[in-house]
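Below, each chain spelled out in residue letters.
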Amino acid sequence: MSTVRLHFLGAFRDLGDEISLSVDGPLVADLRQSVAENFLKLGRDDLLLVLNRSVFAFGDNLLCDSDLITSSEASLLPPIAGG
Amino acid sequence: MVDSHFFQSERDEQWFVGLTDGPCDTQNLAETVTDPKNGAIAQFLGVVRNHNDGLSAQAVDYDVHPELAMKALKKLAIELTSVYPVRLMMVHSRGLVSVGEASVVIAASSAHRKDALSAVADAIDLLKVRVPIWKREIAPDESHRWLDGYSLRQD
Numbered sequence: 498m499s500t501v502r503l504h505f506l507g508a509f510r511d512l513g514d515e516i517s518l519s520v521d522g523p524l525v526a527d528l529r530q531s532v533a534e535n536f537l538k539l540g541r542d543d544l545l546l547v548l549n550r551s552v553f554a555f556g557d558n559l560l561c562d563s564d565l566i567t568s569s570e571a572s573l574l575p576p577i578a579g580g
Numbered sequence: 114m115v116d117s118h119f120f121q122s123e124r125d126e127q128w129f130v131g132l133t134d135g136p137c138d139t140q141n142l143a144e145t146v147t148d149p150k151n152g153a154i155a156q157f158l159g160v161v162r163n164h165n166d167g168l169s170a171q172a173v174d175y176d177v178h179p180e181l182a183m184k185a186l187k188k189l190a191i192e193l194t195s196v197y198p199v200r201l202m203m204v205h206s207r208g209l210v211s212v213g214e215a216s217v218v219i220a221a222s223s224a225h226r227k228d229a230l231s232a233v234a235d236a237i238d239l240l241k242v243r244v245p246i247w248k249r250e251i252a253p254d255e256s257h258r259w260l261d262g263y264s265l266r267q268d
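Going line by line, the protein sequences match chains A and B.
The numbering of the first sequence is this note's numbering, which starts it at 498 and goes up by one.
The numbering of the second sequence is this note's numbering, which starts it at 114 and goes up by one.
Chain A extracted, bound-state conformation (with noise of 0.2 Å):
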């Protein structure tokens, strides 16, 4: 089990700006996981698909669910919309 604080951006800022989040596994898809069921608690299934087509990051570094968690702290990126 391990701890990872986690930005907001986007759509997740209407639940603050970070969240700190246990984590049970090794992998970004277990953060993925981790997301979900805090989503669940909140009471916003709502963001459950943009979850779904969200991506986490390391720094400036973008991630996949296959990736080994190897920072603290994560951004998470809904879909995005410059311009």
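Treat the hints with care, since some could be wrong.
To be verified - A few chain A residues that don't get close to chain B, going by computed Cβ distances all over 12 Å:
#, residue
1, M498
2, T500
3, R502
4, S517
5, S519
6, G522
7, Q530
8, L537
9, L539
10, G540
11, D542
12, R550
13, S569
To be verified - With the Cβ distance kept under 10 Å, some of the chain A side facing chain B (calculated, not the full set):
#, residue
14, H504
15, G507
16, P575
No wet-lab data here; the hints were simulated from the structure.
Don't be surprised by glycine CBs; every beta carbon is placed ideally from N, CA and C.
Position chain B against the provided structure of chain A, taking the given hints into account.
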């Protein structure tokens, strides 16, 4: 264009990329890419409009991941200046931009017009699908909604 207008910026001989707080400065864009060898300058301004999807808007609040956005802008600038013989600049806003103000400015110069026009067109198309920036649209009654976009997920 002076680097100090930006909260983050980076330049090379062939390109300049930056992120600015609030609306983009639309003055003196051409100056950034001017080159005595180049006879064409193309510019694109992305301006906040007062409606979207049938709803009224008064402003857009842009959220940015600065590290990732700069990395993506720089990579895009390197890619485009290797494809087209241009000098290129791309700047995007962070924070509140009102209707009529520019949230993104792109300019390119080249010896002849075709390369500058193509570089600018590719730059805005690719920026929209690669640079981690998000739009929170604000309605006249101050309610807001986050706009959907392109997923960066690759697995």
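Which hints from the list above does the structure break, by number from lowest to highest? 12
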